[in-house]
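A.B. asks: Please arrange chain B on chain A, whose structure you already have, making use of the hints.
For reference, the chains in residue letters:
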Amino acid sequence: MSSKYEVVIGLEVHVQLQTQTKIFCGCSTRFGSEPNTQTCPVCLGLPGALPVLNEKVVEFAIMAGLATNCTIAERSIFARKNYFYPDLPKGYQISQFEEPICVGGWLDIETETGSKRLGITRIHMEEDAGKLLHGEGAASGRDSYVDLNRACTPLLEVVSEPDMRSADEAIAYLKQLRQIVIYLGVSDGNLEEGSFRCDANVSIRPWGQPEYGTRAEIKNINSFRFIKQAIEYEVERQSELIEDGGRVVQETRLYDAESGTTRSMRGKEEAHDYRYFPDPDLVPIEISRARVEEVRAALPELPLAKLERFVSELGLPVRDAEILIAEQEIARYFDACVVAGAQPKAAANWILGDLSRNLNNAGISITACKVTPALLVGMLQRIDDNTISGKQAKVVFEKMWESGTEADTIIDSEGLRQVSDSGAIEGFVTAIIAANPAQVADYKSGNEKIFGFFVGQVMKASKGQANPATVNELLKKKLAE
Amino acid sequence: MKITENEVKKVAKLAKLTLSDPDIERMATDMDAMLAYVATLASLDTDGIVPTAHAVPMANAFRTDQLRPSLERDAVMAAAPKSAGGTFRVPKVIE
Chain A
32 MSSKYEVVIG
42 LEVHVQLQTQ
52 TKIFCGCSTR
62 FGSEPNTQTC
72 PVCLGLPGAL
82 PVLNEKVVEF
92 AIMAGLATNC
102 TIAERSIFAR
112 KNYFYPDLPK
122 GYQISQFEEP
132 ICVGGWLDIE
142 TETGSKRLGI
152 TRIHMEEDAG
162 KLLHGEGAAS
172 GRDSYVDLNR
182 ACTPLLEVVS
192 EPDMRSADEA
202 IAYLKQLRQI
212 VIYLGVSDGN
222 LEEGSFRCDA
232 NVSIRPWGQP
242 EYGTRAEIKN
252 INSFRFIKQA
262 IEYEVERQSE
272 LIEDGGRVVQ
282 ETRLYDAESG
292 TTRSMRGKEE
302 AHDYRYFPDP
312 DLVPIEISRA
322 RVEEVRAALP
332 ELPLAKLERF
342 VSELGLPVRD
352 AEILIAEQEI
362 ARYFDACVVA
372 GAQPKAAANW
382 ILGDLSRNLN
392 NAGISITACK
402 VTPALLVGML
412 QRIDDNTISG
422 KQAKVVFEKM
432 WESGTEADTI
442 IDSEGLRQVS
452 DSGAIEGFVT
462 AIIAANPAQV
472 ADYKSGNEKI
482 FGFFVGQVMK
492 ASKGQANPAT
502 VNELLKKKLA
512 E
Chain B
299 MKITENEVKK
309 VAKLAKLTLS
319 DPDIERMATD
329 MDAMLAYVAT
339 LASLDTDGIV
349 PTAHAVPMAN
359 AFRTDQLRPS
369 LERDAVMAAA
379 PKSAGGTFRV
389 PKVIE
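So the sequences go chain by chain: A and B. Per this note's numbering, the first sequence starts with residue 32, numbered consecutively. Per this note's numbering, the second sequence starts with residue 299, numbered consecutively.
Read the hints as simulated data drawn from the structure, not as lab findings. Be careful, since some hints might not be right.
Unchecked claim - In silico DSSO-like cross-links for lysine-lysine, where the CA-CA straight-line distance does not exceed 27 Å: (1) A/Lys147 with B/Lys311; (2) B/Lys308 with A/Lys121; (3) A/Lys112 with B/Lys308; (4) A/Lys422 with A/Lys491; (5) A/Lys147 with A/Lys206; (6) A/Lys250 with B/Lys300; (7) A/Lys162 with B/Lys311; (8) A/Lys509 with B/Lys300.
Just chain A, same shape as in the assembly (with noise of 0.2 Å):
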């Protein structure tokens, strides 16, 4: 049904920011405090407070609009956006309407079919509102109750152009848009707490029309999974309407994750009737060009930046750079491996296979576990020079990982240093051979598998200390005798 129309998405996304203290007042932003705790006058919104803006949450949303391509406005001002609810101590809140701070950018995405430009409109700064809580329980069914906590904590509102196509590709961009505040260090980008949310419009219309259908607004999206089950369930639901004969309404509907589905939010025409008007209380913001220029000079490697450099400049194959730059931490983890020395290709292997599988074993991030990058490229070391066979270094490895030793230690205490005097191998290799004539004749007369049973027995009797290329080589030539 849904290959009849074509779908179109716009998302609007609110990046909490990861500054100290609230967008208008020196409360702390804190995640998880007791209710009402991190309040004041200016985010309660009592008579006479004034709001003074945090200087840091401009930085952010410069830094945030120079990542993704926009244009830094020169001017910005501040507007009220006015209506009640119970989390809005103030009845309106601050947010930027006409002149916002950041304009004009964009990000690409792959698809299958390519690269794609997707349009953003602007960035916004505002502030948040409280948090509303529905108590259970006999005594408090008749009430809600308020926290304002989260009141005036510091978001953007990243608005995007309707270029989107799918959920596909709104999960791409959400998932790219996301790294790159993370990278930024502007937020910590957790979906669960709230920190990176989405609302999606989303409209369809019959494949080649030009003009946009009419389009709802869902809300409540806090998972990428979450976000392709709203679009696709509101492309059928749309669908379906106008399959009926009926049309879209432009509402906000709430996607409720238990049901997979979306319902209206019971919309109030009038309440998006929201009188916006510059702010008296904030000044405007003038941001010179100098200082755009001293925040781009400042901005961290982005990770399509780190992608294309592990590739081009450390030789990585496109799959390693792109899960090692999925996440921050772990990229900079590779990256102090290849500072101290690693050989790139090396360090990504342990990084994405032993180091990878014990971290999600434990259920720890890379920052908090014991092989810190100067031990792991210790034990590379060890391997590169031969001390160790890539076997007796996986041993190294786990006790590493349990004890945050020293790959040398390990290796003395352990006994794991491997053997490469061809001396001793060869010794191992003559009894082997001695020891097992019906095998060597079996061999000789053209079965290539059994050299893998003499390997297995030359290494065994080393205690699995012999150096396998020797072992390898050696028995080529004893074998041919």
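C.D. replies: Quick look at chain B alone, frame taken from chain A:
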């Protein structure tokens, strides 16, 4: 320009005001007079004039991102008409 009673009702609803019928009638007349007064401004030629967001010619009043003590919660709750467990208690809101 004529302000209708329906427009007054809409604005009253947005402002969460309950107005009696005589109030609405009076408001419509008053608001009409106010708008007519302001409408004389529309006769001015404002081409090329940047819209004024602020009357005070200054910009960039910032504060540094430094923590300041918040209010004691008990003091905050003392000002609340109804509270429970350190939260403001309000009539039930359903989205």
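A.B. asks: Give a verdict on every hint.
C.D. replies: Status of each hint after checking the structure:
1. A/Lys147 with B/Lys311: violated, 45 Å
2. B/Lys308 with A/Lys121: holds, 21 Å
3. A/Lys112 with B/Lys308: holds, 17 Å
4. A/Lys422 with A/Lys491: At roughly 13 Å apart (the allowed maximum being 27 Å), A/Lys491 and A/Lys422 satisfy the hint.
5. A/Lys147 with A/Lys206: Holds, at roughly 15 Å.
6. A/Lys250 with B/Lys300: violated, 38 Å
7. A/Lys162 with B/Lys311: Satisfied, since the Cα-Cα distance of roughly 24 Å is no more than 27 Å.
8. A/Lys509 with B/Lys300: violated, 109 Å
Hint violations for this structure: numbers 1, 6 and 8, all remaining hints satisfied.
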